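Generate coordinates for the entire structure from the input sequences, incorporating the hints supplied.
There are 4 protein chains.
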Amino acid sequence: MRIHTILVTAVIGLGAIAGPCAAADLSGNWTAQVTRYGQPQYWRVILRAEGSKLSGTWNESTIAGTITGDRVEFSVKEPGGRQSGSFTGEVTATGISGQGKLAARGGGAQGELQPATLTMTRVPNPPAGGPKTWDFEPKDFYSFYSSSVPPALRVFPGDTVRTWTLDDNGIDSKLVRRSPGGNPQTGPFYVESALPGDTLVVKLNRVRLNRDSAQGAARVKANLLDPAAIAGMKYADRFDVEWKLDGGKGVARLAHPTERMKDYTVPVKPMLGCIGTAPPNGQTIRALDLGAFGGNMDYNQMVEGATLYLPVFQPGAMLFLGDGHAAMGDGEVTFSAVETSLDVEFTVDLVKGAATAGPRLENNEYLMAMGVAGSLMESVQIATSQMANWLKRDYRLSENEAAVVLGTVAKYDIAEMVDPHYNVVAKVPKSALASFK
Amino acid sequence: MRIHTILVTAVIGLGAIAGPCAAADLSGNWTAQVTRYGQPQYWRVILRAEGSKLSGTWNESTIAGTITGDRVEFSVKEPGGRQSGSFTGEVTATGISGQGKLAARGGGAQGELQPATLTMTRVPNPPAGGPKTWDFEPKDFYSFYSSSVPPALRVFPGDTVRTWTLDDNGIDSKLVRRSPGGNPQTGPFYVESALPGDTLVVKLNRVRLNRDSAQGAARVKANLLDPAAIAGMKYADRFDVEWKLDGGKGVARLAHPTERMKDYTVPVKPMLGCIGTAPPNGQTIRALDLGAFGGNMDYNQMVEGATLYLPVFQPGAMLFLGDGHAAMGDGEVTFSAVETSLDVEFTVDLVKGAATAGPRLENNEYLMAMGVAGSLMESVQIATSQMANWLKRDYRLSENEAAVVLGTVAKYDIAEMVDPHYNVVAKVPKSALASFK
Amino acid sequence: MRIHTILVTAVIGLGAIAGPCAAADLSGNWTAQVTRYGQPQYWRVILRAEGSKLSGTWNESTIAGTITGDRVEFSVKEPGGRQSGSFTGEVTATGISGQGKLAARGGGAQGELQPATLTMTRVPNPPAGGPKTWDFEPKDFYSFYSSSVPPALRVFPGDTVRTWTLDDNGIDSKLVRRSPGGNPQTGPFYVESALPGDTLVVKLNRVRLNRDSAQGAARVKANLLDPAAIAGMKYADRFDVEWKLDGGKGVARLAHPTERMKDYTVPVKPMLGCIGTAPPNGQTIRALDLGAFGGNMDYNQMVEGATLYLPVFQPGAMLFLGDGHAAMGDGEVTFSAVETSLDVEFTVDLVKGAATAGPRLENNEYLMAMGVAGSLMESVQIATSQMANWLKRDYRLSENEAAVVLGTVAKYDIAEMVDPHYNVVAKVPKSALASFK
Amino acid sequence: MRIHTILVTAVIGLGAIAGPCAAADLSGNWTAQVTRYGQPQYWRVILRAEGSKLSGTWNESTIAGTITGDRVEFSVKEPGGRQSGSFTGEVTATGISGQGKLAARGGGAQGELQPATLTMTRVPNPPAGGPKTWDFEPKDFYSFYSSSVPPALRVFPGDTVRTWTLDDNGIDSKLVRRSPGGNPQTGPFYVESALPGDTLVVKLNRVRLNRDSAQGAARVKANLLDPAAIAGMKYADRFDVEWKLDGGKGVARLAHPTERMKDYTVPVKPMLGCIGTAPPNGQTIRALDLGAFGGNMDYNQMVEGATLYLPVFQPGAMLFLGDGHAAMGDGEVTFSAVETSLDVEFTVDLVKGAATAGPRLENNEYLMAMGVAGSLMESVQIATSQMANWLKRDYRLSENEAAVVLGTVAKYDIAEMVDPHYNVVAKVPKSALASFK
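Protein chains in written order, with my numbering: chain A, 370 to 806; chain B, 370 to 806; chain C, 370 to 806; chain D, 370 to 806.
The set of hints was computed from the structure by calculation and includes no laboratory data.
You can't tell identical chains apart in this list, so a pair holds if it fits in one copy or across any two.
Simulated pairs of lysine-lysine, DSBU-like, Cα-Cα distance not exceeding 35 Å:
1) K603 to K761
2) K721 to K470
3) K761 to K618
4) K761 to K780
5) K543 to K446
All figures in this text were calculated on a predicted structure; none of them were measured in a lab.
Here it is in structure tokens:
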């Protein structure tokens with residue numbers, strides 16, 4: 370844990386504005402990292418310095434304190450008036466370092482005042498000239514989602530990234546192996562000012578083929594079959610599932626088909642099998658898996674033109690993407706889709722202070738709430754509840770009104786059933802919601 | 370069981386051709402009912418009488434025997450040559466009655482020769498003039514699927530029936546209560562010559578609104594929600610979910626909407642919530658339930674133009690239908706759809722000797738295999754296996770080829786998740802199958 | 370439905386006291402069958418006749434009316450004072466027959482006054498001399514649970530029945546086939562005065578071996594195995610699983626064991642795989658299935674000494690039992706247990722007006738609530754909720770107190786996982802409840 | 370990934386024997402870490418150096434090569450004769466460093482020769498004097514399972530560790546907070562010579578209370594309740610679930626009970642809720658979760674006297690333990706058990722080259738195979754398959770024989786149903802296996 374903390378601190382330090390900070394400089398936007406018993410948590414802080422008086426906000430709480438030369442001293446009060454923390458610190462080259470106490474947030478010790486170290490860094494301002502477009506050539510590919518690796522690129526909300534991904538097996542657009550496989554990811558992309566509790570918005574501007582070959586599979590994964598039928602199934606020992614991708618005609622066909630399959634074509638619809646942020650609780654999760662952070666969602670609507678909403682669990686969000694599919698049926702029933710590398714362009718944005726409970730997607734036709742869980746039934750439950758919440762919050766419907774909408778027009782897609790978690794998507798057509806705007 | 374047997378026997382007797390049968394008359398198509406230890410089973414029999422010699426077929430087995438006046442005597446041989454039965458009988462006014470032994474079919478006693486009573490009746494010939502269209506006014510409505518009630522109408526394969534259904538609550542098109550509710554069914558329709566092991570084909574020619582009002586619901590069924598969220602949900606004590614159906618504009622709208630819902634409209638797409646045959650094993654299953662026999666499948670693609678394939682488990686198939694919906698989202702998440710009575714016209718046909726393992730549906734765009742089971746996962750397993758079987762059998766694909774098709778273009782619909790069994794549908798677009806024809 | 374109704378009416382008629390009823394005779398206990406739109410429902414009625422004045426109770430409602438010669442006329446008032454019904458009738462040789470209106474009970478028409486026919490019959494009095502012990506030789510065996518067959522024996526609460534069961538395959542203690550199999554049941558036993566809404570209590574006084582052979586199985590049912598492992602499993606084509614039962618030593622051993630199994634013994638613990646009442650909604654459910662009515666619960670604690678509580682869904686409860694097992698592991702993972710015929714002695718009793726939501730069992734050590742559902746998870750949910758209800762109702766615990774008990778001492782048994790529904794049992798040791806008495 | 374690799378390399382370096390290695394020294398036991406595309410894998414190597422000739426084994430493959438001064442050069446041949454790798458390296462102060470190629474093991478590139486860096490380190494010899502007992506005072510507590518943190522203690526197979534754990538909320542035996550909670554773990558313990566593919570054996574010699582207080586919970590987790598019942602449940606806003614532990618009497622009682630609970634006692638049976646190794650694929654998994662690596666298994670048989678088998682996924686196994694419970698019902702239905710800190714003593718051992726597919730447990734009475742998965746059903750499937758494998762491998766039963774044993778005597782425990790994965794345990798009594806020894 371110690372190592373993990375040091376890394377994250379360093380990362381944040383790099384993002385801070387260097388140089389000595391005179392007391393007059395403290396006004397502005399900060400990130401406070403509070404570490405207790407080795408575990409960091411984060412707050413969005415706005416400071417206002419007027420002479421020796423320090424005031425401001427600490428998430429939804431308020432700050433009141435004093436500045437004496439390089440020393441700052443302040444307390445934190447909850448909206449209800451209860452004092453939930455107090456700190457003393459020192460202004461340093463990279464921000465403010467200090468000690469104090471803070472009430473525990475969540476967990477079994479909720480409200481308990483705990484000793485804490487404080488590290489405050491300035492939120493960097495986006496460069497002048499507005500959002501930027503980055504051409505990013507990936508070099509390292511990680512087969513996991515994590516905040517334990519350094520960002521590959523730091524971008525600001527509004528920025529656009531043009532990059533590319535390997536296929537699930539680690540092969541790039543030139544057919545060169547770049548990774549041992551396991552859904553190696555491009556990234557992570559650090560989004561400046563993103564903090565746990567925010568929602569990361571990712572608009573997929575372009576998701577395109579960048580080579581003319583793909584790999585697939587020719588057996589239905591056994592968990593999706595009637596168990597009584599499995600023992601009697603007669604699969605061939607070998608079945609060549611190399612695909613040729615004909616971008617011009619927009620179809621995939623088997624490279625070396627059986628007689629019966631020689632004219633079989635699949636419409637190409639390039640999609641990202643994987644896209645996710647760093648998981649909560651400092652976890653490192655392999656890229657075959659998925660969760661509230663996204664990941665290997667394998668949803669065939671994760672295509673050009675769609676906009677994805679993901680929870681931010683770690684500073685900077687740390688966005689990863691990979692596992693391109695030229696085409697895929699629902700559920701990814703053969704475990705592999707038509708697997709290929711892809712060119713991708715996306716634009717990031719941030720909804721600060723508003724968390725999405727899990728991945729949500731939007732295109733011209735649908736709102737789509739994903740339920741990622743250990744069983745289809747739990748996936749349905751999460752997807753349905755999330756979609757109801759979406760309708761209640763963004764369309765100001767009551768519980769009953771949201772239920773009426775779901776009962777009359779909701780649809781479900783089974784995105785994926787072969788990975789360590791299931792992904793079921795509850796969808797509502799935007800046409801049905803037109804009257805609520 | 371005795372009672373049950375008597376009823377069924379009587380039913381079959383009514384279908385038989387009356388009058389004394391001279392020995393010379395025995396050639397032709399028969400149904401053999403063999404009853405052992407009180408339980409009937411059925412065979413499709415073709416007899417050829419040449420003088421005193423009797424030959425023919427008994428399903429896939431062969432018959433050899435003799436005719437002596439009114440006495441017949443024959444044995445049954447399996448394709449492999451093993452003798453699996455022998456009977457002696459007497460020609461009666463309604464067919465042939467006899468005694469004998471027959472090898473058990475299926476179950477723990479497979480192959481054991483068991484004492485049996487034999488009742489053979491002629492398969493009636495369809496009337497001259499070709500298929501007929503019936504206008505059927507239902508009078509009795511059964512809230513179950515069963516072969517324990519008399520047929521409401523007897524039709525031949527190829528015949529068309531025009532009729533109507535109550536809504537789920539027992540109300541007809543004039544808003545008159547005709548049943549206490551519980552998805553009361555119109556029928557059962559007895560399809561002449563249908564035997565267990567056949568597939569009943571039902572083409573839905575017309576499924577239309579016949580009144581301008583409907584009832585709905587405004588709470589999501591609790592099993593579909595994140596369990597942790599349920600306790601905090603705030604439903605109103607009352608919420609009026611009467612719907613007005615505007616057939617002209619093709620929409621439904623709330624009759625007494627809240628302010629926020631006053632312009633909310635749902636596209637009307639009339640569907641049959643329920644359609645099914647009599648269940649296997651002499652069961653009587655309430656019409657809220659569903660199974661391999663169909664029933665309360667609540668699939669919003671059960672609409673005009675679709676063709677349904679159902680297993681035949683009892684002589685005559687005994688087709689029931691009801692539970693009209695003007696519209697319904699996937700999964701019927703509020704437990705009630707937009708519930709109304711409907712006018713229905715359908716044409717029946719029969720695939721003899723080929724059983725479908727469960728309900729299958731077809732329209733211009735898709736093959737659809739339904740998986741009806743006690744959990745979403747088992748429903749997926751059955752639907753996937755059935756769809757693979759469909760591709761293998763009707764499109765002559767190998768196990769691997771079928772898997773490639775499923776992996777690249779299969780879709781899943783979650784038809785229904787609120788009734789005693791779940792219904793998940795695996796779909797394959799016909800466009801993808803064009804190259805196999 | 371008509372047929373069904375007629376049968377049930379007849380059955381009730383048989384139970385009524387014959388002879389002309391003078392007006393003065395009307396006081397006493399009655400069963401009212403009210404039939405609306407072809408569907409019967411039942412009420413427990415007490416009449417008090419004083420001259421021309423008729424009063425009494427109708428379940429929890431009250432009756433007020435008049436008697437004029439053979440004519441009776443009365444209205445029904447709910448506890449809150451609302452009039453929910455009115456009838457006029459005539460005293461007949463078997464009871465009272467009449468017409469009227471009654472508010473719908475449950476369903477979509479709740480409270481709606483509906484036209485009704487009334488058939489009232491006297492509740493027979495138990496014979497003098499106290500509870501009786503019956504030796505019952507079964508002749509007909511039904512492979513289903515249903516109220517559509519006549520009772521095999523009519524007994525009173527408190528009576529004891531000594532009888533025997535076939536094995537699952539229809540073989541009796543003399544190794545004679547008596548049924549084609551499918552868990553053929555002994556019964557049904559009609560318990561006088563039992564009405565829907567009551568709880569039937571069945572004390573298993575004796576459950577014993579009555580022959581020295583049994584049949585088993587030697588493959589784990591595929592739904593219980595890791596799907597990825599199934600294709601690679603190597604079962605022998607044949608494996609002899611005939612068992613010898615050594616009642617003296619209390620063990621079963623394979624009759625023709627492999628070398629490795631030659632000393633393998635299983636402790637004998639005879640249990641009833643099946644025991645159930647007639648299902649709700651007039652259903653006929655095959656004896657392989659199980660539900661709130663009990664049935665093929667396959668719980669290895671259904672042994673001598675245990676007391677079972679079952680819901681009553683049809684008049685007389687209609688108790689069936691069968692499917693003896695000499696021994697069985699949890700879950701019945703090989704689909705067959707050590708299957709044999711059994712001698713059984715049981716005593717019935719009735720808790721009037723208090724329904725159990727599903728099967729509950731009790732022995733010296735444990736309270737056991739069964740959750741029968743379409744998936745393990747739903748079975749757990751039902752079992753847990755039922756056990757919490759049991760603690761709250763019979764041990765007067767609050768919601769929190771019941772939760773503390775469950776969290777600290779509850780156990781779960783997985784009774785059965787291979788039949789059409791799953792059965793999971795939540796258990797609480799009686800020792801933990803000692804302080805609550 | 371780079372960071373991760375560096376850490377692990379360093380860790381292994383520390384374990385190596387320092388000092389210059391003359392060519393003559395190369396004979397002996399080594400660990401080879403081969404890193405390709407940033408991802409390390411491990412082999413167990415035995416070298417035999419005879420003059421300039423180098424031979425030996427590389428897991429089940431063989432090594433042949435030459436030694437020239439500090440230079441080594443060798444190739445790797447699979448048992449079938451195929452050359453699967455070749456390396457050149459240099460003897461260094463800490464082992465051998467080199468470069469080469471090695472065939473991919475598993476994954477989409479199976480068999481592909483890939484460029485690799487080689488780091489070989491000597492397997493340290495256990496110190497003279499036999500196994501050692503360590504008294505270990507933990508200082509850092511990690512709320513996750515991971516190989517990304519340094520070992521807290523390095524022990525040899527056969528060694529015994531005496532230590533203690535915090536409660537789930539981070540409180541120690543003196544009631545001092547030492548962690549913010551989330552099942553903080555003691556460890557990790559690095560077991561010398563353990564490599565991925567081995568089985569770690571942990572004998573729990575002592576699991577005892579070390580304080581007299583505990584915390585609990587008083588609500589059943591909503592996912593375990595009938596969804597339809599949840600909205601109507603009436604929990605108190607507060608319910609004090611502090612427990613007093615009376616080690617002398619061996620019971621827990623509520624510290625501030627309600628009137629009804631004032632004599633309620635729970636037998637104390639101290640257990641470890643959490644025990645696990647570092648997960649596969651370099652993952653860091655929070656300590657609330659569980660998997661094939663063990664973790665938060667919450668099984669109330671994880672008590673003093675039991676022996677646990679866990680897969681080794683990372684060098685040294687990296688054993689963590691924590692989350693003491695004074696008592697717990699099956700399934701941990703209230704999400705918290707009777708939570709307390711514990712004193713623990715355990716002995717580790719290693720089964721080299723034989724992997725267990727998941728956690729297995731053994732005590733005097735039972736073999737217990739745990740199925741950890743995303744749903745109860747998948748947990749049952751894994752547990753059943755693992756138990757069948759155990760019987761086949763260690764008791765030399767055929768597939769059918771193992772099925773007969775499971776069908777007749779297997780039991781299931783539902784260990785845990787409230788954490789991110791479910792844990793179901795398949796058990797076989799050792800008494801039933803006596804005849805196989």
